[in-house]
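2 protein chains.
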Amino acid sequence: MKKLRRSARLVDMTQHLLARPHKLIPLTFFADQYGAAKSSISEDLSIIKELFELEGVGLLKTVAGAAGGVKYIPMMNATEARTVVEDLCEMLKSPGRLLPGGYLYMADLLGEPEALSKIGKVFASVFAEAEANYVMTVETKGIPLAYATAHYLNIPVVIVRRYSKVTDGSVVSINYVSGSSKRIQTMSLARRGLPEHSKVLIIDDFMKAGGTIRGMMDLLEEFKAEVVGVGIFMETANVKERLVDDYISLLRMTEVDVRDKEIRLELGNYFKKEI
Amino acid sequence: MKKLRRSARLVDMTQHLLARPHKLIPLTFFADQYGAAKSSISEDLSIIKELFELEGVGLLKTVAGAAGGVKYIPMMNATEARTVVEDLCEMLKSPGRLLPGGYLYMADLLGEPEALSKIGKVFASVFAEAEANYVMTVETKGIPLAYATAHYLNIPVVIVRRYSKVTDGSVVSINYVSGSSKRIQTMSLARRGLPEHSKVLIIDDFMKAGGTIRGMMDLLEEFKAEVVGVGIFMETANVKERLVDDYISLLRMTEVDVRDKEIRLELGNYFKKEI
Numbered sequence: 000m001k002k003l004r005r006s007a008r009l010v011d012m013t014q015h016l017l018a019r020p021h022k023l024i025p026l027t028f029f030a031d032q033y034g035a036a037k038s039s040i041s042e043d044l045s046i047i048k049e050l051f052e053l054e055g056v057g058l059l060k061t062v063a064g065a066a067g068g069v070k071y072i073p074m075m076n077a078t079e080a081r082t083v084v085e086d087l088c089e090m091l092k093s094p095g096r097l098l099p100g101g102y103l104y105m106a107d108l109l110g111e112p113e114a115l116s117k118i119g120k121v122f123a124s125v126f127a128e129a130e131a132n133y134v135m136t137v138e139t140k141g142i143p144l145a146y147a148t149a150h151y152l153n154i155p156v157v158i159v160r161r162y163s164k165v166t167d168g169s170v171v172s173i174n175y176v177s178g179s180s181k182r183i184q185t186m187s188l189a190r191r192g193l194p195e196h197s198k199v200l201i202i203d204d205f206m207k208a209g210g211t212i213r214g215m216m217d218l219l220e221e222f223k224a225e226v227v228g229v230g231i232f233m234e235t236a237n238v239k240e241r242l243v244d245d246y247i248s249l250l251r252m253t254e255v256d257v258r259d260k261e262i263r264l265e266l267g268n269y270f271k272k273e274i
Numbered sequence: 000m001k002k003l004r005r006s007a008r009l010v011d012m013t014q015h016l017l018a019r020p021h022k023l024i025p026l027t028f029f030a031d032q033y034g035a036a037k038s039s040i041s042e043d044l045s046i047i048k049e050l051f052e053l054e055g056v057g058l059l060k061t062v063a064g065a066a067g068g069v070k071y072i073p074m075m076n077a078t079e080a081r082t083v084v085e086d087l088c089e090m091l092k093s094p095g096r097l098l099p100g101g102y103l104y105m106a107d108l109l110g111e112p113e114a115l116s117k118i119g120k121v122f123a124s125v126f127a128e129a130e131a132n133y134v135m136t137v138e139t140k141g142i143p144l145a146y147a148t149a150h151y152l153n154i155p156v157v158i159v160r161r162y163s164k165v166t167d168g169s170v171v172s173i174n175y176v177s178g179s180s181k182r183i184q185t186m187s188l189a190r191r192g193l194p195e196h197s198k199v200l201i202i203d204d205f206m207k208a209g210g211t212i213r214g215m216m217d218l219l220e221e222f223k224a225e226v227v228g229v230g231i232f233m234e235t236a237n238v239k240e241r242l243v244d245d246y247i248s249l250l251r252m253t254e255v256d257v258r259d260k261e262i263r264l265e266l267g268n269y270f271k272k273e274i
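Chains V and P supply the protein sequences, listed in that same order.
FYI, numbering that gives the first Met the number 0 numbers position 207 of the first sequence as 206, with every residue one higher than the one before it.
FYI, numbering that gives the first Met the number 0 numbers position 109 of the second sequence as 108, with every residue one higher than the one before it.
Don't take every hint at face value.
Claimed, not checked - With the C-beta cut set under 8 Å, the calculated list includes, among others, these residues of chain V facing chain P:
#, residue
1, Glu111
2, Thr139
3, Ala189
Unchecked claim - Label-pair restraints from in silico Cβ distances:
#, chain 1, residue 1, chain 2, residue 2, range
4, V, Val83, P, Glu89, 14 to 24 Å
5, V, Asp245, P, Glu254, 26 to 36 Å
6, P, Lys223, V, Arg5, 49 to 59 Å
7, P, Ala63, V, Gln184, 50 to 60 Å
8, V, Ser116, P, Thr82, 21 to 31 Å
9, V, Thr78, P, Pro194, 50 to 60 Å
10, P, Leu58, V, Met90, 24 to 34 Å
These are computed hints drawn from the structure, not numbers from a lab.
No residue lacks a Cβ here, since even glycine has one placed at the ideal position from N, Cα and C.
Chain V with its partners taken away, still in its complex shape (with noise of 0.2 Å):
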């Protein structure tokens, strides 16, 4: 037990918060930890939830009874979202990033700690009430997305492999049609990385046609686990036919002009869906 002043223990008290993303915490953890009455806890919490709020950290969800306490709940509105992902468009508008084939040059931003924290952040908004188990990507460019979103939903993630390697032991694999290229291709998931019955939130950078999202849907039936949720940072817009349709995009990539380097993007069916 230590004794802190009433200053200390609100700063301390933040940062244990914020290191446990949606993790209940019992008031009597605090009590206990600073030798303080309840009483005086359920104060500093509502200091510190008031600033929260009014800074767009998150929540601070309270749960009443026995087994009650404290949970912090990452989490920025859709109008803050919104910024976000408009500045994040304009980096991306750049003619240098167009790439031979339509594809758009985004590791440096996917690269960065402070961007990639921001897109996490709005994943784990949008999907704060989905109840997932675990994060799902596949190598190699949505790992970090991935990761950014399991850091606020504090849930692990698991990563389905193109090739597999020796080091992830015995594996399901399965063959699916990418959508774009119509090429037969082959994804794997250890077995032993997820165990069966979990709920599964889908992320990922890119998506086309849909056709590695489909192959990672079928891969989980072989887990049978339950999709919750799917979210794409960038979609390309005219697809003929699409494969997944339960999904939530940050970014629509609707032209590109590969002659005269031009890209159109525009905000996702999140944005439209909720403004």
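Given chain V, put chain P in place with the hints provided.
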């Protein structure tokens, strides 16, 4: 400007600092933000500083002068780091983790946000003074560790690919010899992924002879970059000819008996150096 009571101000300053490791924040920023005197801000900061040190959150460094301010440096001392690594060690020793070829299954552990975060903080503490501009790793398993480290250093990650993709644009590729299997392999990095003369911290999950790390170092020469540190989560002992001399490891696998499924782990060279 928002007028906040001191208690709310402390909560806000704490969350603001935690979200921006290694970034110099001028005292005037906080003063303007809250319409408070610089002297009050200084008092607040000394409360936060004291608590951060007490709780092992990190250091608050004050830089004096006109261009001065305050900087949060995530820092875990060697004793705490040792506890973190010993806990992981216990989990990794289970015989079921042993895979054919003497590999160890670690993907679950490296998928867990809290464990990952701790390991990232250990590496960020070890290399806090290295002044790296980038963290580099090679796909796939090292990626989460690299991001966890980069989060606490607040610098971007660059990912070296084993299979280059059209979405990378023009790439620089090198061939290297895997030290343990003696096979020739290729790795590549997007030309625009890393500016010339960068200072790079290499992070990876596993090292046997060090061929992959050596390959990354050779690749970095093509970018005129300087390697300012190499951090390895787990190395193997009993390597005949190690291709990398200067590195920090957190764990070392000393013995693997594939038939009896026995694994022996010990603390890596970081602890021998420090304690």
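Unmet hints by their number, sorted upward, for this structure: 4, 5, 9
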